[in-house]
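Asker: We have chain D; now place chains E, H and G onto it with these hints.
Quick mapping for you: the protein sequence lines, in order, are chains D, E, H and G. Take the first sequence: its letters are residues 1 to 175, numbered as in this note's numbering. Take the second sequence: its letters are residues 176 to 477, numbered as in this note's numbering. Take the third sequence: its letters are residues 478 to 707, numbered as in this note's numbering. Take the fourth sequence: its letters are residues 708 to 1098, numbered as in this note's numbering.
You may find that some hints are simply not true.
[Said to hold, decoys possible] Simulated coverage check for chain G against chain D, where a stretch passes if three residues somewhere in it have a Cβ under 8 Å from a Cβ of chain D:
#1 769-775
#2 783-795
#3 1018-1032
#4 1049-1060
[Claimed, not checked] Derived list of chain H stretches under chain D, where covered just means 3 residues or more per stretch with a C-beta under 8 Å from a C-beta of chain D:
#5 610-621
#6 638-647
Hints were generated in silico from the structure; no laboratory data involved. For glycine and all other residues, C-beta sits at the position ideal for the given N, C-alpha and C.
One letter stands for each residue in the lines below.
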Amino acid sequence: MKQLVEIIQNHFPINDIDLRKKSLAFISIHQNQAIPLLEWLKTTHGYKAFVLLTAVDWIEENRFQLTYLISNPDNFTELGVRVFIDREKAEMVSAHHLWKSIWVYQRELKEMFGINFPNSPRVNESFILEGWDTIPPYRRDFDTKQYSEETYFPRPGRSTNDPAKHMKSKLYPKD
Amino acid sequence: MDYSLSRFLYTLLGLFIVMNWGMLMSSTMRRIIARVSGRIGIPWYQPWIDLIKLYSLRSQITHGTMFYLGPVFRLMGGVGLFLFMPMIYGSAYFMNYSFSGDLILILYFQFFGMLGMALGAGEGGQPYSAIGISRGLSQFTTIEVPMTLAVISLAIQYDTLSITEIVKAQQGSIANWTLFTNPFATIAAMLSLLGAFGHSPFNLVKAPNEIPIGPPTEYHGTFLGVLRTNGAILHVTEAALFMNLFFGGATSWLELILKTFFIYFWSVFVGVVFPRFRIEQSVRWFLKWPTLIGIISILIWM
Amino acid sequence: MKKDFDKDALSDMYKDKFLAPENEIRFVNAPDGSIIEVNPLDDYFCQERPKELKPRKGVVEKFLNWARAESLWVLGFGTGCGSIEIPPLSTPRFDMYRFGVQMRATPRQSNVFIISGYLSVKTLKRAIRSYEQMPSPKYIIALGSCTINGGMYWDSYNTINRLDHYLPVDVYIAGCMPRPEALLAGFGKLKELIKEGKAEKANEYIQNLDWYKANQKKIIKDWNMPDYNW
Amino acid sequence: MFTINNDRSKFPELDDAGNALIDLTSHKYLKLWQGPQHPGVTGNMSLELTVTGDEIVESRTHVGYLHRGFEKLMERRTFIQCFPTCIRLCVAEPDPNEYLLSSCVEELAGIEVPETAQWLRMLALEMARLQVLLRQVPGQAGTFALGLGYQWGNYIRDLILDRFEELTGGRVYHMYILPGGVRGLLPNGFKNRLEENLKLVDEFLPNVWDLIYTNSVFKKRAKGLAVIPKEWIDEYGIYGPAARAAGIMRDVRKTHPYLFYSEIDFEPFTTDESDVFARSLVRWHDLKMTVDIIRQILAKMPEKGDIKAPTPNVMHWKIPKGETYVKCESSRGEYGMYLVTDGSDKPRRVNLKGPSYTHATSVLEKLLVNANVADAAIMVSLATCPPEIER
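Excised from the complex, chain D in its bound form (with noise of 0.2 Å):
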């Protein structure tokens, strides 16, 4: 991994080297050089094996990581290409011509953390939710339970106890 980590910065800008495993690592590259890289690493390193394609929210720095998973199926290795892109613009450049299945997950992508996929096939189209009319649910500042709790019929006499404070209060009620 370390070898190829190397080669790759030879010829692309990375930062943020994350050597996890001996067959995993993870780098950070910025957005416009992300899909060439991710070509590049496809049709010469053997990288031709898509595995996932998620996003993480980090709301305090405002910006979203996309972590695009690529596996090469004869050395067994995993590359972890990390790209952060603008929250409040939330849009990166669709990577559908480099493997067949990766529209499916633009198109969760789309739905569930609101990033925008321009030109991926049936991005605009429900997958998973329908009539869904607030805020993508997979970002941070939506609250789920509190969504839950306007929206569906809580059954009274459910408590909700934060279980260290609850042990706490069990174990040692002197404190």
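Answerer: Relative to chain D, chains E, H and G alone:
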């Protein structure tokens, strides 16, 4: 032909016996299938309870006149088949309304129910029904081919179109049965029976895995009750047809019960270990070996 | 949108926002030159209120209830995790056929609807549609804790918490997940209720239709139905 | 005289963007929905099929009927609370979920799992695979209406679930593999009772072979149906038995040995036909192999030993910032979990990647085109598990 009231009442009695035997037979077959898979299966009286429940449902909807008439036509197919079929050979009471040309009429009634069902289920407007109907009609057309060839062969062999005459010719000893005197026709007909009884491998028409559950998808309550009643009658009567044509007929109700049971069991026996064919595969299958055997049986008697 | 719909009970369903283009009102030129208004939603939603179907009185009803109890036809619709425990019911270990319980593939022929676990909003819409297609008398068995109070998913944004606010429930089976034996016991309980004539929740649904419909409409915003070009 | 053109691959014609040119108003086509209320689909999902006659010309997968928002729910639960939540991600085979979360947490927190616990984890994972395959192998014939093997298989599966109950207390959801180890040692006499059940599987295997794989009708239906070309394996991301049926070795246990799989002697079966029959055959060999692996585990595992590494108080367990991807082999193929932590006591983001995600959406949509409506059961051969698609 005798059109007296007593003949009519005896025919009704026969119909009643046939219907109940059909239901008992179907529950027994389901119990046998259950035993093969290691279960106990439904209680033997389950079909009757199901029937009572179906007739007593409170809400029923309809999709139009033909939707009503579909089950009626289907029942007519079953009852019509029964009416012109001599059930017990030698009995004056249970000859029903058989006459000298009844074989042709019975072949027609076999198809009649299916056509009525097609009209009724089509009116239901359910796409599954439509696909089931188109499958059913195309498969049933090819089922008829070997059956008709076998019947023609029999007509040549016995020089008659009356079922009673055919049964009469088979009396005396087991060696007189068509099974032994005309084995090719018997084989062709028994293969076409597999399709007519609607067990796998030829039950794609009402395949619950793909088009739940084919033509009767929209039928419920009384409609379904009528269809089930008809199913019970039809199974016994069709088995009785094969019994009359190939297995020497029956001289008593006990003989009829035994023989129809084993004829029905043949289709269950094959069905339990085979998956179902696709429709074009089953069409090809029927047009290949059973048809060929049917033609051979005719050529032998020409 | 056509404003006349405000009069009827189902008016809130027609939200412009989620209306599929093929369901919008359109005008069609008839062969004789006149213009006909076509509203596809009229085909999907019956404007008529369902009628209450009261049980008869006396011995006949008792006998019929006995028959209904001994012949429970279950709709084959696994709505949640609980559907993993339904196939074992039809296999040698548990064999529900012994008790007159059979699986049916279409709602038109089933009497019992097992809500097997949590219902997401998307499934709830289909479950309501399936339930309303079933002929009366019909019964609902709610399987698992998630149908009672949300269970594991009490704070989820996409699953309902209490099934009895959307559909009338006859028998609850608690647990996550309930064992097949519990389900068999649930069938037994349902049989008892039917034989005693207490399983009349289908009528309750019709009596309180407005309340149920209001609850349903609160969470299901997209009422478009799959389009058959039939 | 009778020339039937079986090559329907050009039908329907596609436009430049790859969409089928279908005029629904021409009355030549029919929209057919399979599911969600449908006994033939695997779980609660639906297929929107456009058919002409009996032939599917376009297929669309619709999922989301089982969406509970797990990834959101786990973001507001502590790591130990996540653990009973995440096992409900896939109902049919919950143990890989437990294992993945545990090993993600262990990897980020830097915990070494004791040896006995690792063997017990392997046992639990293999037993889970065994019970799934006991349903799946005859279930494939079940989609073609041969339900007999399914009944036999399910009986033995119930017995395996009994063993699970003995080991873990749960019939379907086991909650056995905890972060740091497992919950308990084997009960007394467990090995003998499991061995008895494995003997039943040994008897079941030749029976189901005779019933299904020598069955002429099953061969006729399944051979040549829904062939996945070799190139698709990487292009689409196809894993597990579906890839092995295409002759490409995809088994995480072999390629990235985790736990003690490197000490076990097994060779996954591969074949080249890549149709429904081949995938079913691969599963049959998998079942055989799983029995063998369980026997080896029982023979090699230590009787006693530490089963849980010391962990901090789980109520206040904070895990350092980081991210990782851990995978294991489920019965459907590579099953992976991507976990991001931010230094708090709750995960920042959990993403579960199962093979069904691509199998049921993009691959199935392609495979169903030009197939028969009766063959919509192709999806069973891809072994889709809807809850793992939408989570």
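Asker: Does each hint hold? Answer for all of them.
Answerer: Now for the hints, and whether the structure bears them out:
1. With 3 residues having a beta carbon nearer than 8 Å to a beta carbon of chain D, the region 769-775 of chain G meets the requirement of three or more and the stated coverage holds.
2. For the region 783-795 of chain G, the assignment as covered by chain D holds, since 3 residues bring a beta-carbon within under 8 Å of that chain's beta-carbons and 3 suffice.
3. Interface restraint, the region 1018-1032 of chain G with chain D: holds (6 residues with C-beta to C-beta distance below 8 Å; minimum three).
4. Only when three residues or more bring their CB closer than 8 Å to a CB of chain D does the claim for the region 1049-1060 of chain G stand; here the count is 4, and the claim holds.
5. Three residues within the 8 Å Cβ limit are the bar, and the region 610-621 of chain H against chain D gives 0, so the coverage statement is violated.
6. With 3 residues carrying a beta carbon less than 8 Å from a beta carbon of chain D, the region 638-647 of chain H meets the three-residue requirement, and the given coverage holds.
In this structure, the one hint that does not hold is number 5.
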